[in-house]
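A.B. asks: Note that the protein sequences, when read in sequence, are chains A and B. Residue numbering for the first sequence follows my numbering, starting at 11 and increasing by one per position. Residue numbering for the second sequence follows my numbering, starting at 17 and increasing by one per position.
Don't read these hints as lab results, they were simulated from the structure. Even for Gly, the Cβ is constructed at its ideal location relative to N, Cα and C. Incorrect hints may appear among the rest.
Unchecked claim - If you want a taste of the chain B side facing chain A, the calculated C-beta under 10 Å gives, among others: (1) Gly65; (2) Ala79; (3) Val83; (4) Phe111; (5) Asp268.
Said to hold, decoys possible - Every beta carbon over 12 Å from chain A, so not counted as near; a handful from chain B, in silico: (6) Ser73; (7) Ala77; (8) Ala263; (9) Thr265; (10) Gly269; (11) Ala279.
Said to hold, decoys possible - Just a few of them, taken from the derived set where beta-carbon distance is under 10 Å, the chain A residues facing chain B: (12) Ser17; (13) Val208; (14) Val215.
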Amino acid sequence: MNREWWSSTLLVAGRERRERMDARSYRITTLILVLAVVAAVAIPALVGGGNGASKVGVVGSDTAALTSIVRQAGAVLDERVKVTAFADLAVARAKLRAGDLDVVYVGGRELLLEQQPTDGSGDDKARLAGAIAQLARAPARPLPARAQALPVRGLKAATSLSTRLTGMAIVILIYLLVFIYGQRITSGVVEEKSSRVVEVLLASVRPSQLLTGKVLGMGVTAFVQVAALLVAFFATATAVGSSLLDGAAIGVVLVGALWLVLGYALHCTAFAAAGSLISRESDASNVTFPVVLPLLVSYMLSFGTIFGGSPGTFFTLLAYFPPTAPVASTTLYATGDIGLVEVAIAAVICVAATVATARLAATIYERSILRTGARVRLREALRATGGT
Amino acid sequence: MLELHDLHRSYGEVAALDGMTFTVPAGRVFGFLGPNGAGKTTAMRAILGVTALHSGSIRFAGAPVDVAARRRFGYMPEERGLYPGMRVLEQLAYFGRLHGMTAAAARQAGAELCGRLGVAERLEAKVEELSLGNQQRVQLAAALVHDPELLVLDEPFSGLDPVGIDDLSAVLGERAAAGATVLFSSHQLDLVEHLCEEVAIVDRGRLVAQGRVEELARSGRPQLAVRVVGDDGGRWADALPAGAARASTRDDGTVTIALDDAALADAVLDVARAAGRVEHFTFQRRRLSEVFRESVRRVPA
Numbered sequence: 011m012n013r014e015w016w017s018s019t020l021l022v023a024g025r026e027r028r029e030r031m032d033a034r035s036y037r038i039t040t041l042i043l044v045l046a047v048v049a050a051v052a053i054p055a056l057v058g059g060g061n062g063a064s065k066v067g068v069v070g071s072d073t074a075a076l077t078s079i080v081r082q083a084g085a086v087l088d089e090r091v092k093v094t095a096f097a098d099l100a101v102a103r104a105k106l107r108a109g110d111l112d113v114v115y116v117g118g119r120e121l122l123l124e125q126q127p128t129d130g131s132g133d134d135k136a137r138l139a140g141a142i143a144q145l146a147r148a149p150a151r152p153l154p155a156r157a158q159a160l161p162v163r164g165l166k167a168a169t170s171l172s173t174r175l176t177g178m179a180i181v182i183l184i185y186l187l188v189f190i191y192g193q194r195i196t197s198g199v200v201e202e203k204s205s206r207v208v209e210v211l212l213a214s215v216r217p218s219q220l221l222t223g224k225v226l227g228m229g230v231t232a233f234v235q236v237a238a239l240l241v242a243f244f245a246t247a248t249a250v251g252s253s254l255l256d257g258a259a260i261g262v263v264l265v266g267a268l269w270l271v272l273g274y275a276l277h278c279t280a281f282a283a284a285g286s287l288i289s290r291e292s293d294a295s296n297v298t299f300p301v302v303l304p305l306l307v308s309y310m311l312s313f314g315t316i317f318g319g320s321p322g323t324f325f326t327l328l329a330y331f332p333p334t335a336p337v338a339s340t341t342l343y344a345t346g347d348i349g350l351v352e353v354a355i356a357a358v359i360c361v362a363a364t365v366a367t368a369r370l371a372a373t374i375y376e377r378s379i380l381r382t383g384a385r386v387r388l389r390e391a392l393r394a395t396g397g398t
Numbered sequence: 017m018l019e020l021h022d023l024h025r026s027y028g029e030v031a032a033l034d035g036m037t038f039t040v041p042a043g044r045v046f047g048f049l050g051p052n053g054a055g056k057t058t059a060m061r062a063i064l065g066v067t068a069l070h071s072g073s074i075r076f077a078g079a080p081v082d083v084a085a086r087r088r089f090g091y092m093p094e095e096r097g098l099y100p101g102m103r104v105l106e107q108l109a110y111f112g113r114l115h116g117m118t119a120a121a122a123r124q125a126g127a128e129l130c131g132r133l134g135v136a137e138r139l140e141a142k143v144e145e146l147s148l149g150n151q152q153r154v155q156l157a158a159a160l161v162h163d164p165e166l167l168v169l170d171e172p173f174s175g176l177d178p179v180g181i182d183d184l185s186a187v188l189g190e191r192a193a194a195g196a197t198v199l200f201s202s203h204q205l206d207l208v209e210h211l212c213e214e215v216a217i218v219d220r221g222r223l224v225a226q227g228r229v230e231e232l233a234r235s236g237r238p239q240l241a242v243r244v245v246g247d248d249g250g251r252w253a254d255a256l257p258a259g260a261a262r263a264s265t266r267d268d269g270t271v272t273i274a275l276d277d278a279a280l281a282d283a284v285l286d287v288a289r290a291a292g293r294v295e296h297f298t299f300q301r302r303r304l305s306e307v308f309r310e311s312v313r314r315v316p317a
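Here chain B stands alone, though its shape is the one from the complex (with noise of 0.2 Å):
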């Protein structure tokens, strides 16, 4: 478990972390969203002490976070780095020796690895002589190849094709599953939805809103989405009842509503069914990217 309380850390004027806090639970993939310039990277690096906090404090399964214990984390920085001249299985095996691992024992693990994400035929190969996803799928390799107890990894997916991106997504399940913590940051919504169990939101350097993604579907008021044959303007639903109220209009003559109470749903079938046959009816989940929208959504200045 990694619990991050109240970090803070400015440059100059702009405050990158103002008071973040919140707690990744281990045993679980868990995103980490924000807009751009929300604070996440540099909350990443100050969990590697790559960037030095003004206060606040890290810890790591109850202990605060010191140079041994990042023995045991493993780090993708958004800034790729490798070696460039310096070949695949070489590369891993000294980072997996970096972290306490024998030489025999960090080659094995890193060729492993590189099949695992599909760059087996690249082992004896210079970095430099990779296209950039396989130098994005060797990179997953060095902050793998330990095999960490966390996972810190900063936008893991970009660049990387859906073969790719099945693949990684595989191996941090299983690290998830092993018992590991692992937390990684992306903006490809719909790939968190689909394989995270929980995420953090966060905006100018706070927490805006946390947990597990089905909640955070469900969380907020009820919607429902209802199609009325023959009613492609929705003119239907002019007339609700009071506490519900229609949120959009698609082409296809669907409404949506937001309603202040579940309860309310029956009234509104009623005057559905009052219209004309109902095609269409149910409760809505909220989309990842809608709970992200409205966690993040500006005030107009």
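The shape of chain A in the complex, shown without the other chains (with noise of 0.2 Å):
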């Protein structure tokens, strides 16, 4: 592969850019995704309004007291809290009930939120209640500085529901991007083939490099897309001061990125591999489906994990197979039930399975790319020797 072999590969890979880039649908689906991750990022940032910070109704007589409890209760969850005291509780229900406050704290009594919370755990309104609760039970004394320090510290990494949203969210553009990406290539490898201009360019250039010079073409296109979705996030979060930046999200969308190129780069060849057996665009979908199966089994499975419990062995097992890893091994980091050493060991056993694939899958592509007509068998291509 010296410099020889790239500066034509690199020639295919920049035509292959350039179609695909100067197309208006690419442009168009680019802006359609870019406007979904702004809304996706800045609407509940600005519907959910204050930024974070807890709204709570205080009603009672010492007002001061109550006051201080719910800012303790903050101060030990780390949340920022906005208290407003009222003389009448019906007039907090209403507000309650209404979404203006999201705890009403009535002194002495009971705490109020708007829906009784499904279980233990709860979102953060039922923490926060919680939290008051507790130290109602002592409201006489200040809490000492100490106390207020104590780290709480899960088991298991935290999962906020924002968290398990970004990862579904990432999953899906993992799945979507391999899956469109993949049949571009595929479609792309048979229109050479039906226009027979194949055989002009295999006249001067190697399989190899037509080969690789298409995935690389295809992948800086879709990179590019990813890209503008990342900054779009990144801009958009800064921008309406999302709760998305600070948590385990933004480490949820840089372990995404990092599988999704891994899941483009293991499946691309193999889906240019699909295509040099075929003639006509008809029959893509009968050697795509064999190369997508595994992805769409983990990316039906996800979602599953991610609004369930606690994921089944299968779906763990799933997350370092190689074809399916992309989609489970995130959608585990986003859950909280692997941490970053998980998903190292698993994206090493994906870059080694990339490079067999990538060997198999050219050799496929070498044998079949000639060969025009009836659909090449699999057994054949492997088999043949010098098949044109």
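Join the two chains into one complex using the hints; note that each chain is given alone, in its own frame.
C.D. replies: What follows is the structure in structure tokens.
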């Protein structure tokens, strides 16, 4: 793979990239995806208002004491609180119903939430109410400074709903981009075969150059799109001061970006090999189905894991199996079931599998690309000795 | 100079190339003839490396052909192939660059060729928007854009109108005069006869005749065409001297006579003059189509 090899390969990649990125459909889909990211990040932050500060109404005679307890509870949970005193319980209840308040603390009697918490853990509002309830048992004594500094640590990493949702969004993105760009690689290969331009090309470049250039060019196209989405994510999150920027969500975004690259790298050559087996666009879905099947399975199972409780052993194993790892590993990282070490192990396995897949795919591609007409059987392509 | 030596390639039971051997000299337009299925396309694809040979060797300019050498070749395959959605000039520039040209040089050469081949106004059109004839011209431009040292064109004239044929003939002649080796296949034998200085005729994967068109035309038994005024049946030729035989008689009474030896022409003339006034008496040049038919004549099973 000397300079001459690369110069032709990069020419092929450049043509591929230009053809895709100059297309109007590419600009339109990128724009739509960017707008979707902006909306997904901005709308919860803006509608949620107060930028993460919980609004607590207090009802009771000793307003100062009640307010102090609420503030302490906020300090323990490391949450900002905005306290409003109400003379009339009915008014406070009405505000709670309207969503203007998150919690109402009725001094010496009860804590009100808009909705009954579904289980013990609950969401942010229930946690705040729980903390207030704890502190309300000993309202007379101010909390010692040391107690406020005690760290609260979970045995698993924090997995707030927003982190899980971020994980889900990224899993969808990984699945869609690998699927869409993979299909485009296949149809690009088929187009070269069916228009017979491949014979002119192969008179001056090697099949390995054509294959490499094609997946590189398509990869650049895909990653420009992903980069646009990441920029949109960070710019919007910064602009609206989204809570996604401070928590575990940012880690999920970065791990997801890694898996997106690895997932594309693993699958792209297989899609090209699949395309080389056929001569008609209409056969494409038949040959690409086996390529996307593992990814599809992990994609469908990932939703249950994100919204359900602990992942099953099967799904955990999928996080190390290269074709399913991009989706499964991202999912488990988002739910806090695995850490960076496990992600790194799965990534190394995936890279090794990528190299092996590329070798095999190149062999199939080289042996099938000039054979037109009937679909080339995979076994034939692997066994053939200089087929054309 | 391109040398094909003892090429073998079979598809299952069928031998497409069965020991084909011939040499294409540089600086000449060289015609590659043969009936359908004779192995022309397989041989051309083997030269470009898109078909693997079972045995045999191909050398260009004295060296075995490799990937680097093929960058100096220009190829027009039997099954035309261009990117349908790509613009003409962009496409030509791409092919030029794949053969090692700079972007600017490739664009310039592509635009010039389109001018020569009559598609100058369609540089910014997509290939799929062009008529088939114009697609063919662009395909030719793609084979020529990098000024190749060897041109291998599979049926380059099929589908072109007479103006296109003239344009392409002129371009091929120029390239050959500039020292390039030009090999093209065709079934249009009159065109080949007019354009080529030399041809190879192949059949069933082997060479059956090769030579300069002029020599092939004079090869074989000499033939006379003779017409005697008033004898529309050519009956005077019933009494020909030994070694001369009537080959055919045309409607106007012209008799073609095959001679064992050109010297017998005088004796034939004497017989004709004795029969009446001789209106037409020439040695007949064989047409390339006759040479072709004779070379590939099938032995009945």
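A.B. asks: For a quick check of understanding: which of the numbered hints are violated here, in increasing order?
C.D. replies: 2 and 5
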